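Engineer: Letter by letter, the chains look like this.
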Amino acid sequence: MNAKLSFLLSAPFLLTAGIAQAQDFPTKNIQIIVPYSAGGGGDTVARIVADRLGEELGQQINVVNREGAGGEIGIDEIARSDADGYTLGVFGYPDNFVLEHTRDTSFTFDSLDYLAAFDDMPMGVFASPNSQHSTLEELVSYGQENPAEMIIGESGALGLLHALAFAERSDMQITPIRYSGGGELMNALLGNHIDLASTSSMSHDPIVDSNGTPIGFAAEERMEMFPDVPTFKEQGLDLVMGVSRVLVAPEGLPDDVREALVTALNEISTDEAMIANFENAKIPYRYLDDSAVNKMLEQSNSVLMPVIENNLDKINGN
Amino acid sequence: MDIFSILLNLFTPSVFLVVFAGVLVGIVVGAIPGLNGAIGISLLLPLTFTMEPQIGLLLLGGIYMGGMYGGSITAILINVPGDVVAAPVAMEGYPLTKQGRAKEALYYSIFSSMFGGFIGVLILILFTPPLAKLALQFGPAEMFFVSLSGLIIVGALSGSFLKAAFAVLLGLFISTVGVDMITGSERFTFDSISLRSGISVVPVVLGLFCFAEMFLNIGKKPSEQVQYRDQKISRMTVVKDILSQRFLVWKSGLIGTLVGLLPGVGTTLAVFMSYGDAKRTSRRDVPFEQGNPDGIIAAESANNATVGSSMVPLLALGVPGSPTSAIIAGALVIHGIVLGPSLFVNRPDVAFTFLYGMLLTVVAMTIIGAVGIKYFSYILKIKMEYIVPTVLVFALFGAYSLRNSLFDVFIAIVLGIVGAIFKKIHVPVAPIIIGVVLGPLIETNLARAMRIAGARNMPLWEYLLATPLSKGLVALVVIMLLVVIRMRHKEKVAAKEVKNA
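Chains as they are written, first to last, in my numbering: chain A, 1 to 318; chain B, 1001 to 1501.
Chain B extracted, bound-state conformation (with noise of 0.2 Å):
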């Protein structure tokens, strides 16, 4: 199919129209706690099947991006990110607010989102066969080691080690409740069939960022709040600003794609990898958490590069890489377009259209956001009285409506007195999503290496070092480890010296 006839196919009224739309209802349902992409994708789901193909596709598509970005406004904005994706961004972003520079933290979000939105788009259209391959040979030993390198990840975040240590470990503990994966023999259930499914992300980050959050705010006084101010600050400078950071937009940009690669490890992982990667490289004067746009930048392209990258196994081989991706398959499946290698045989007007069509959903997040931004700063203009019932209905909602579940709102609220007591005394909460995130994928992967070691009669040490990338893996995880404990070392040393000076 010649790119003429791709560009005749998307260049029509309701291309622009459903994209356009598709990533406004990302951007929104990204923004709100509790809401995300794949919410917004399974409530619009059914609308797609009236439509043509490729046309329903980019609809899913532009929110799956769109949905990607939005979680970052709220984060910037009143310190609650929508989704788990947009949680380093509010440890960077919300500082930038309460120095009374909130535009410039949500103009460094979305061009950040523009550039790994393309990053991902554009290698997906590029090299999906080859990041097809790649991503197959992930086996049980090496996402163990992908899983582990992203536990040490929590020891280049800020703060007393010891606390973050625990805050992980509560995480790990936490994914350890219901029926085990490999076994299913029940752990902590207590006879109650709601805990026998176990505790999901959603409702702990719901409960740890936004409930807290909001909790906290109550009893505090007008003047306490953040102020609106209307900071002058050109686009240009911001755009200029991110590209003079070297290496730092596309080489986030490209964890996002590798690590988005992978199937079930995906966002959260390459968001918090990159994050940290920032951190250690940053060379700008100002301390993370305390408001250094070189963590937006960072986390912000590595989430919206995972869209075109998760889309890679499901195009290429039928394999979805996300929860959002199995929806857009199960869409794609109704309209009888079978997944794989075939697809760009039997039907490379859907294919293609998508593919070149997602480019279209970059550019409408950014015009949305661009031209949005000086509306949603306008947030900070409302009174926190207004905000916190507002904002604690909307994450009620949220998290009822991920599995349609009471049992979930009542784990959100839990966790939002145990984060607002976490963030009195000062232990990072942020560990703990970590925590429930790796651990099933840790803990499964392991169990599932020692099987297949079992069965082919050799020590499970001799499998998980079987292929030349798990060894690779492996000399990532070490080297990680060293980075984290010099960037340790030479933070205590700063530390004493500023106690000296």
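Excised from the complex, chain A in its bound form (with noise of 0.2 Å):
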């Protein structure tokens, strides 16, 4: 036991005195700023995530919500926070890049280590219990004839972006209107105060319980967990576009951290426990490493960019 002890008590020493520089990291508690409050998609992913990444790497993983200007405080936070591998974010990209070109934020794309990937949440649009269409097809000839009239709810930066490229490309106006959350944009979708919702596949769930239709998703293929909901493409509508929440460190990490948090994230990327908690909580798990991440963020970068750059003025609010 004595021996055991001194084992215990000296190994800190043998640590810090840099027998192994990779095992250095980390050596206290991490914590991980989530840009929004707690309860949502977001949060849940990051909870989901700190429980299992902290026991990997044997250090407490607190999470903390810094919520507030649609997620530009806690955003900005990470990319300003020291680049030691102690502060880490999870957010839902792509918020960081819409924020960035449609307001002065001093963080950039680049202000941001992008070390992972967990989901792949297609945004849709969903008819109100009353409304008479339940195609695309529908939708869009009764858009087309009597243009402006259709209002279209959403919240969130990438609520609106879905909803002006979705008029955009079946070539019709619609009326957005803005909700501060996904709550308050259900109840009014539900109770037919407006004809269609922007939003994820999260609140498929909700809505088609209360008799709301999905007219579908903006995604490649259809998602598995909803095999009846048909994409825009199989529909003849350009448009894939979601919400992928990701892990990121600010810029500048010290390679031997990156590659410490990254082998970590690799090993518990296959933990069927972990991958349960996303199932349960209806997140459609897809993960991406830290190449693979990046090859994916650049992508939808250039896909995202036009729609910005095109409907500027109205995310502007004029």
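Keep in mind the hints are simulated off the structure, nothing from the lab.
On a predicted model such as this, the values are computed, not experimentally measured, just so you know.
Treat the hints with care, since some could be wrong.
[As the list claims (entries may be wrong)] Covered stretches of chain B (in silico footprint by chain A; criterion: 3 or more residues with CB under 8 Å from a CB of chain A, positions within the stretch not fixed): (1) 1188-1197; (2) 1312-1320; (3) 1397-1407; (4) 1449-1455.
Cβ atoms here follow ideal geometry from the backbone N, Cα and C, with glycine treated the same way.
Please dock the two separately framed chains into a single complex, following the hints provided.
Structural biologist: In structure tokens, the structure reads:
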């Protein structure tokens, strides 16, 4: 027992002595900043991942909610933190990209180092319970005949962008109305105060339960979770847009710290208990490692950029 | 699912343990200035991930219930409401404390909370589906009129009308700071990222009520401090008195339940509405804001009643009606429980255990409150020189913890100084809060109504008055306006008579 005890006591000194640099990290608690309030999808992803990643790294990981200004405040803080691996962030891409190109933010896309992505949640359009339209075709022909008459509710940076892109690509005018959160938006849709809602696939179940109709998802292919909902693509509308929760660090991590984080993330990515938690939360799990995530983001940026540029005046409220 | 198996699920040691623990945590965070049930729930949220869903839910529900009551303790004893919803309680409860009737005020608060809590939860159990349908009827037009009626309540509060009007306008102004909800344009942000996210209600309340009160206490002589008195008052006397105020407690509970249904408007409005209504109908000789227990009964029963009703849209439709129920929804999602009509079909065990378990949280709150009051009132024995720094530390912590933001701390301190000055020159601060809460609701809903009316090619007024519900609400607004004008007039006449006599 004495031998064990002395080993335990000396272990920290052995490590700090620099025998193996990579194992130095982490030596203290890590915090993950989430730029939204507790309880939403991004927060849920952060908490599921923090739990498992903390076990893997042998340190406690605390989730800190820094909401405000549509995510700008929290993302700004992640970008400005020390790049030592002890401050990480989880948020829904492309919030940062949209913010950067629609406001005067102090961070840019390259202020962050993207280490992994955990899900792929397409945006979708849902019709209200009283709506006469249940397919994209009916909806678009009505919308083209009655310009700006249909009202689409949206919330969040991506909600508006998706609504605008949806109208633009289907060649019709619709009137977007902003809601402060998914709950408020759903209330308006289910109460038939608006005709359509632009929101993520996560809202599918409560909307369908109350007799709303999913018109389509902006996904490449049908979702495993909701096989009955068609994509826009198969209905002849070229629109793919979604949220992907990414884990980031401030740009400029030391190589050994980055290596330790990436290794740990790859290690937990196949953990069945963690994946089950994602499925429970109705979040479509899709892991991308550090090189795959950067490829995905680059491609997605090039798709989003023209949509943002074409609609900049509408986004800024004119 | 039959009632017997629900009871079997409920009466287990683990349920009792989490319910009591949750309520206790709720009361403590509720009582501490700046912390509230929502913060307590987000702190303990990770803990529930490993629990059975219904047990975890009851823990969170207990915190929610306890938090609604806890705020009244510090409001009554040291004039520092632990949360926005306890502000009216401070207005009536603290004067009672100054008269040496602290314990009595605390009994009024706990037993009114109990009645309110039961009303809200029972309505949740019995009428969830029809009430959820009712909540959905509230579109931009209806929300606009409801919020407008909230502003009229300011007129019912005491004091100079001009000063109250000034205060409510200041509150409305504060609420405009930040990125505009509907258009996305920036207002009064001066290129500051912190101002862009707006000024939230919590630091405003902390500043105006808590910091201001503590600043005013600094420099007070010991003799000016409220003395602890061991007042003899039996619990039954208070309960009997609450019930003898004819419909007051039932009416306030009902107001709390109905207003609590509305997403986003919720608790603050419910509390001030029933407080204003109690002032109109009170038959006691004691004037309001000088220790009229009816104010406590109305406010406390209303805020605990909102606990049950704010979960109606959550359980029935999957739409969270308040920030707290949004966090609870997040917890359910982790357990893979889909909210909405299917919940009662797919997981009746979770749904019904939770519903009936919420009755237990009311019982736990009443027991802890009624037994604890003796000890709570010992706070008055503590010298002010210890209370002021302690409360200030907690308040700083509370202002920071809401959004982990130093900017919020700064706002709270600045408004603390403003609040202290206002109290000296008798400008009421409650209307400022009402303005901050209702400003965005009035504005965004009117803007939405304008957009929808524009899209449908109809004049704005036609859209605003399109449904029977909105017509009814307009009538309500007009009636309230007339009542307030009559109340003001009566007060003026009464004041003149006093002068002449």
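Engineer: Each hint needs a verdict: does it hold in this structure or not?
Structural biologist: A quick look at each hint next to the structure:
1. Proximity of the region 1188-1197 of chain B to chain A, defined as three or more residues with a beta carbon under 8 Å from a beta carbon of that chain, is established by the 5 residues found.
2. Counting residues of the region 1312-1320 of chain B whose CB lies closer than 8 Å to any CB of chain A gives 5, which reaches the minimum of 3, so the coverage claim holds.
3. With 3 residues carrying a beta carbon less than 8 Å from a beta carbon of chain A, the region 1397-1407 of chain B meets the three-residue requirement, and the given coverage holds.
4. Note: the region 1449-1455 of chain B has 4 residues with beta-carbon separation from chain A under 8 Å; the three-residue rule is met and the coverage holds.
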